[in-house]
Each structure stands twice: as C-alpha cells, then as structure tokens.
Amino acid sequence: MSDLHNQTEIPDSSERRDFLKLGALAATVLAPGVMLYGIANSRPPEQGASSKLRWGMLIDTTKCGNGCNTCVTACNTENGLNGKTGPQDSQWIRKVNIKNLSNGFEHDLPMMCQHCENPPCVDVCPTGASMKRADGIVLVDRHICIGCRYCMMACPYKARSFVHEPITDQNPEVPRGKGCVESCTFCVQRVDRDETPACVEACNANGQNAMIFGDLNNPESEISKALSGQASVEVRADLRLNTGVRYQGI
Amino acid sequence: MTEHVCLDKQDCKIKAFWALMALGGVFVLAAMVAFFHLEHTGHIETGMTNQIVWGLPHVFAVFLIVAASGVLNVASIGSVFGKSLYKARAPLSGMLALAMLAGGLAVLVLDLGRPDRLIIAMTHYNFKSIFAWNMIFYNGFFAIVGLYLLTLMDKKLKNYSKPMGFLAFFWRLALTTATGSIFGFLIARAGYHSALMAPMFIIMSFGYGLAVFMVVQSAMYRWNDLTVDPNIRRRMKNLLAVFVGASLYFTIVLHLTNMYVAKQWDFERFILLEGGIYTKLFWIGQILLGGIVPLILLFIPRSQASQKVCFCFMAPLLVILGGFAQMYVTIIGGQAFPLELFPGFAETSSFYDGVAHAYSPSIWEAMLGMGGIAIAFMATIIAVHALKFMPQDDLHILQGRRSSD
Amino acid sequence: MNGMASLGKWLKLALLAGAAALTAVAPHQATAGSAKPMLERGKGEQCVEDTQFMRRNHMDLLKHHRNETMRQGIRTTKHSLKGCVDCHASTKTGSVAASKDDFCAACHSYAAVKLDCWDCHATKPKKRPATLAGMPPAASETGTSPMAPALAGGKTQ
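Protein chains in written order, with this note's numbering: chain A, 1 to 250; chain B, 1 to 405; chain C, 1 to 157.
Just so you know, these hints were derived from the structure itself, not from any lab. This structure is a prediction, so every number in the text was calculated from the model and none was measured. All residues carry an ideal CB built from backbone N, CA and C; glycine is no exception. Accuracy of the hints is not assured; some may be wrong.
[Claimed, not checked] Here are the simulated lysine to aspartate or glutamate pairs, EDC-like style, with alpha carbons at most 20 Å apart:
id, chain 1, residue 1, chain 2, residue 2
1, A, Lys99, B, Glu340
2, A, Lys99, A, Glu234
3, C, Lys92, A, Glu234
[What the hints assert, rightly or not] Output of the computed footprint for chain C on chain A, the stretches with three or more beta carbons under 8 Å from beta carbons of chain C:
id, region
4, 44-53
5, 124-135
6, 141-154
7, 169-175
Whole structure, please, built from the sequences with the hints as guidance.
What follows is the structure, given as structure tokens:
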C-alpha cells in the first residue's frame with residue numbers, strides 16, 4: 001500500500017487543457033492578494049497536514065455587520081446545509097447578537113467551532129472520531145462516529161450539530177449523513193487547496209473584512225500580525241482551551 | 001421446605017408467569033418498533049434537538065445503570081462485610097444487577113445515531129474519554145458479576161465467592177464513579193461540572209439499587225405467598241433510610257457548593273426556582289416524593305399492633321420514582337440551561353443561545369426507555385422462574401416460626 | 001446459571017434482530033443465483049488499478065485512503081472515492097448508486113454486501129458549469145457558486 005499516495009494524479013487531457021486555458025483567465029479575474037496568499041502555503045497532495053502550521057481565525061466584531069448573514073449563507077452553500085434554523089437543524093456557523101447588560105450596547109459576531117488546541121470534544125469522544133488534525137483543525141471522522149453526542153455535551157461553544165434526518169445530494173467534497181455529529185471544519189476541503197474558508201471569503205467579498213484566516217504559527221502571516229498589534233480575546237478563556245478562533249471588539 | 005418456593009413448574013403459577021412474560025414482551029417489542037422507526041427516520045422523530053442532545057432514553061438508561069450497580073450492594077454487604085442476612089440475598093442481587101445493566105445499556109445503544117456501528121465502540125477506544133472507560137467498566141461488570149454469581153450458586157466454587165465479591169464491589173464503585181463522571185467532567189456546563197457528581201451518583205446508586213431490590217423482593221415473596229421476616233424488613237428499611245438521607249444530603253451540598261460559585265447562581269436559580277418542569281420535578285419529585293415522604297414512611301412511629309405495616313414496598317417505590325425525577329432534572333435540566341458564552345452580555349441567535357431550551361419527549365423515546373425496563377423485567381422473571389434466586393435464609397426462620405406456632 | 005444464559009440469549013437475540021434488520025434495509029437484495037450484474041463501463045480508458053485487483057481490493061484501497069485523507073489531510077486522488085464516482089457514475093442516472101443497475105449498487109446488491117458510503121457521501125459527481133471545469137478555485141468564486149471546482153478529476157473529499 002506504500003505506493004498509494006506517492007503518485008500524483010494526471011487529469012485526463014481535455015480537462016487539463018481546460019485547466020490551462022482557464023488558469024490564464026483566472027489570473028486576470030483574481031484579486032492578486034488572494035492569489036499570492038494561496039501560493040505561499042501550498043503543499044503537494046501526498047503530503048499530509050503539517051503540525052508546523054496552526055490554522056486560526058481572527059474576527060473583528062467591530063466590523064461585523066449587525067444582521068448581516070453573509071458568512072452563514074456562504075457556509076451553508078459551501079457545506080451543503082439547508083439553512084433551516086429549527087432546533088433539530090444543523091448550524092455550523094451562527095450569528096450571535098450580544099447586548100451589554102450594563103450599557104445596552106449591542107453588536108453581532110459569528111460563532112462556530114473554535115478549533116481549540118485542547119478540544120473537550122476530542123477528549124470525551126469514546127471512539128476517537130472527534131479529532132484534531134496536525135494543523136489544528138478539529139474534525140469529526142464520520143466513519144467511526146457512533147452518534148453518542150457526548151461531544152455536543154462537552155463543547156463549551158455549542159458549536160456542534162447532530163444530523164437528525166437522512167441527507168441526500170451532498171456536496172461531494174463535504175460528506176454529511178444521518179446519525180453523526182458535525183461542525184465547522186474551517187472548510188478543510190478549501191484550506192487543503194490553499195483557499196480560505198467560505199465564510200471568510202464571503203465576508204471579505206461583501207466588504208466587511210471582519211474575518212482573517214491564516215497560520216497562527218507563522219509570525220509573518222496576516223493573522224499573526226493583526227493579533228500581535230491589537231488586543232484580542234478567546235471566548236471562555238477561563239477554560240484554557242487555547243482556541244484557534246479569536247475575537248476583537250467584544 | 002422448598003415446596004413453598006416456586007421451583008417446581010407444576011407448582012408454579014405458570015399462567016401468571018407467561019402473562020408477565022407477555023407483558024414484558026409487549027414493551028420490548030414496542031422498544032424494537034421504536035428503534036427501527038428511529039433508525040429509518042433519524043432522530044428527527046424524537047424530542048431531542050441540538051440543544052437537548054440527551055433525552056428521555058438517557059434518563060431511563062442512566063437510571064437503570066446506576067441502580068444496577070447499586071442493587072449489587074446487597075451482595076457486597078453479604079460477601080464483603082459478611083452479613084449473613086444479605087449473603088442469602090446475594091444471588092438475587094447479582095442477577096438483578098446484570099438484568100438492569102443489560103436493560104440500561106440496551107437503551108443507550110439503541111439510541112445511538114449509528115447503532116449499527118456498535119462494534120466500533122468496542123474496537124476503537126479513546127482512553128482519554130470517560131465514556132470509553134464506561135464501556136470497559138460495563139463489559140467488565142457483566143464478566144465479574146457473572147463469575148461472582150457462579151461462585152455464589154455453585155457449591156464447588158463457594159470458596160471463591162469472597163474474593164469475587166470484593167472484586168465486584170470495587171468494580172461497581174469504579175463503574176458508578178465513571179458514570180457520575182460522564183457528567184462531572186463536563187467542564188463547560190454549569191449544571192454538571194462538579195467533583196461531587198461521582199460520589200453523589202454512588203450514594204444515589206445505593207439508594208436506587210436497594211429500593212429496586214426491596215420492591216423485587218416484596219413482589220417475589222408475595223408471589224410465593226410468603227412474607228418477609230420483620231427482622232429482615234426492619235434492617236433493610238433502616239438501610240434504605242440511611243441511603244435516602246445521604247442522597248438528600250449530597251443533593252443539598254451540591255446545590256450549596258454551586259451557589260458559592262458566582263457563575264452558577266443563574267443555574268441554581270433556574271433549577272431551584274424558575275425552571276418550570278425541572279423545578280417542579282426537583283422539589284416535588286426528587287426531594288419530596290423521592291426523599292422526604294419515603295423517610296417519613298420508613299420512620300413513622302407505629303404501635304405494636306401496626307408493626308406489620310412497613311411500607312417496605314411503597315417507600316422504595318417512591319424512592320425509585322424520585323430517582324427518575326432526579327435523573328430527568330440532572331440530565332435534561334442540566335442541558336436546558338443555556339451555555340453562557342459571554343458573561344455580562346445577553347445573547348440571542350438562531351441557534352437558541354441565551355434561552356432555556358425546550359424539550360418535549362416523543363412517544364418513540366418513551367417506548368425505547370420503557371423497553372429497557374422491560375428487558376430487565378423479563379430477564380428477572382425468567383431467572384427467578386428458572387433458578388433458585390429466592391433468598392434462602394428466611395425459609396428456615398419461617399419454618400422455625402411455623403413449627404413453634 | 002440458566003438465568004444468565006437466558007439473559008445472554010436475549011441479548012444475542014436482540015443483536016441478531018438488529019443485525020438482520022440492518023441488512024434487510026439494504027436496497028435491492030440480490031436473489032441467490034440471479035444473473036451476474038451488468039456493469040456500465042467507466043469513463044476513462046483504464047481503472048486506476050487492474051480490474052481484477054480492484055474487484056478484490058477496492059474496499060481496502062478506499063478504507064486506507066479514507067483514513068489518510070480524513071485524519072491526515074493527504075489528498076491524493078488516485079484511490080479517492082470521489083474519483084470512483086466521477087468515472088463510474090451511470091450515464092442514465094448520473095449516480096453510482098441511485099438505481100439497482102448503477103455501478104456500486106449493481107455489484108453490491110448481487111453480492112448482498114451492505115454499503116455504508118452513501119449515507120454520507122454523494123453518489124453523483126460534483127455538478128459544475130462546464131465552462132468552469134478546471135478553473136482554479138478562487139477565480140470561480142462569485143458568491144452564488146462558492147464551490148470552486150476541485151482540480152478536475154478530483155482531489156478527494
């Protein structure tokens with residue numbers, strides 16, 4: 001089996017031509033910053049996620065629009081969620097409105113899996129389905145998730161959802177199914193091809209620019225620079241989970 | 001002397017036996033129907049949501065598991081602490097423990113999102129997870145208590161019963177500690193995170209287990225037209241009173257501790273004052289019916305003439321009901337209280353942040369839960385019917401009393 | 001020890017009943033001795049491995065690959081399930097398991113082996129506008145179709 005992952009796939013010729021043609025087109029359409037960002041972190045497909053990186057997100061809640069739902073919509077589309085908000089429906093990212101009890105000031109912020117360094121969901125999972133990848137992304141391995149929901153009990157952020165009914169027509173890149181627990185994956189399928197999560201991209205495209213995604217371990221990354229230049233907090237920092245998602249402006 | 005006991009099938013109330021089996025069978029069947037229905041539709045047909053992730057099935061399952069470990073106490077008092085009165089009841093106690101654990105685990109497993117992957121739970125262990133440890137403890141419990149029963153019931157193995165009794169005793173302590181810790185280790189939730197959870201579960205298991213034992217014992221004696229010797233009744237009822245009192249004590253200490261931790265005031269106010277169904281179940285179910293009333297019934301002063309009235313069926317039955325109320329308050333009430341992400345802020349969202357979560361169990365969940373009791377019930381009926389689980393000592397006593405009459 | 005034995009029996013019975021029911025819900029149970037399934041040819045010239053080898057070992061390849069991709073983030077495409085679907089989706093249904101003649105379903109119902117993949121995985125290749133096929137991901141991002149096509153022929157899920 002050792003040769004399984006040492007071979008690079010060659011797309012069949014016609015698709016390859018398309019690729020080259022459209023690559024040129026893409027370069028012209030693309031915002032240069034996004035392109036450069038992508039290239040800087042690329043890794044070949046046969047190489048796994050590296051523990052040298054730690055993916056993280058910084059959310060500037062002062063830029064987050066009250067009532068704006070762009071990140072949520074983008075997440076739903078990317079990951080094939082139906083967008084319903086009943087008590088049994090999955091929500092990977094949600095907008096939380098917080099109102100200061102002493103002065104009444106209200107603002108919004110997005111809440112999702114905080115991709116903790118010490119995730120309680122991973123600690124409590126009996127089978128090891130709840131796991132943290134080398135690059136810090138916390139995932140559910142649905143192949144061995146038995147649907148006990150103990151991780152949902154353990155998560156301080158209420159970030160996880162249980163799939164209550166059968167699902168069809170999934171996004172091929174985002175398998176989802178009845179009886180397993182799921183949550184934000186930082187759009188791992190996108191991150192692995194050097195894109196930012198769908199929510200971040202949509203937030204930026206919408207002009208809010210409230211979310212920055214990047215490598216917390218790299219002092220040169222945009223997120224590290226932003227974090228070192230301004231105060232930020234972890235939600236439930238008292239639990240010392242060292243979250244991968246940080247907030248400014250709370 | 002055995003002719004008084006239902007050992008010979010000719011002598012048994014064979015029709016009544018099958019009637020009870022049919023009764024249990026109906027409930028087990030209902031549970032299977034519920035299981036296959038939910039397996040097909042998914043949990044959408046239950047009252048459980050992404051907020052209340054553990055529901056009524058877990059109330060039944062955890063009660064059965066906790067009471068299963070507690071019911072073994074009767075055997076432990078006999079084997080470990082050498083009390084002959086209890087030793088005569090050790091086989092019944094061990095058998096009940098196995099039957100109830102089987103019932104509880106069945107509910108837990110049938111409620112999984114992917115029950116077809118049960119094998120994965122047995123092959124993939126995350127040893128950091130207290131849940132995984134529980135699975136080891138449950139499986140070990142079956143093996144150890146099974147062997148212990150063997151040493152109790154096979155004369156040739158009698159010598160091993162004491163060490164096996166010890167092992168079973170320590171194992172059950174570990175098991176209940178682990179079960180309590182399932183909740184106690186949930187650092188994020190105001191209602192659960194407490195070191196008191198494990199010892200409180202142990203004390204409660206003593207109470208629930210003994211209560212179940214007393215109910216079953218009363219029923220068995222009644223079945224065989226016998227009465228439990230007053231001496232035995234007195235000792236067991238006193239022990240039950242001690243356990244019920246200790247459970248109440250732990251409950252009070254748990255809530256007092258919570259009230260001294262500032263961030264859990266809101267949770268305490270929720271459970272004790274404003275939680276609606278949970279507040280009612282706590283005060284009326286757990287405290288009043290499951291604690292104070294049984295204590296009064298057990299200790300009510302009686303004249304010599306009315307000594308026969310013991311409430312040895314009624315009081316433990318109330319303790320069991322109170323136990324279910326306690327599990328409902330602990331498991332569902334603990335989840336209904338919203339997580340506080342931003343202290344000092346009021347939270348609202350599409351995902352029900354900042355509001356008490358609603359839960360109304362569906363009939364399917366009730367069917368699953370009742371199925372767990374029915375499995376334990378049927379296993380008990382079959383075991384009692386087929387083997388000598390009737391406590392043996394009082395027959396001598398009864399015999400003696402009869403001849404002296 | 002009949003008490004325990006009967007207890008054990010009940011447990012076993014419950015397990016058996018459960019197992020039986022789970023296999024029973026598998027669609028299109030093959031009848032013994034029925035004709036061998038007719039499989040539609042895949043799109044490409046040749047499968048990623050020899051056909052005989054694939055018949056025997058596809059499950060091992062998939063399982064190995066699934067763990068590498070899922071847990072380590074290794075996204076080679078040669079043995080990815082998505083690759084299988086891309087190539088073997090039926091021309092009629094567009095799926096590998098929508099009808100009983102589709103590639104995966106046909107063989108698995110013949111062999112009476114329950115498939116667990118399609119509870120979660122898509123049975124159809126990703127829908128994408130033909131003109132965008134192969135476009136580098138970020139470029140296709142317009143907001144309405146946030147799913148950038150994977151490099152054609154598929155990185156894995």
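Indices of hints not satisfied (ascending)
Those not satisfied come down to hint 3.
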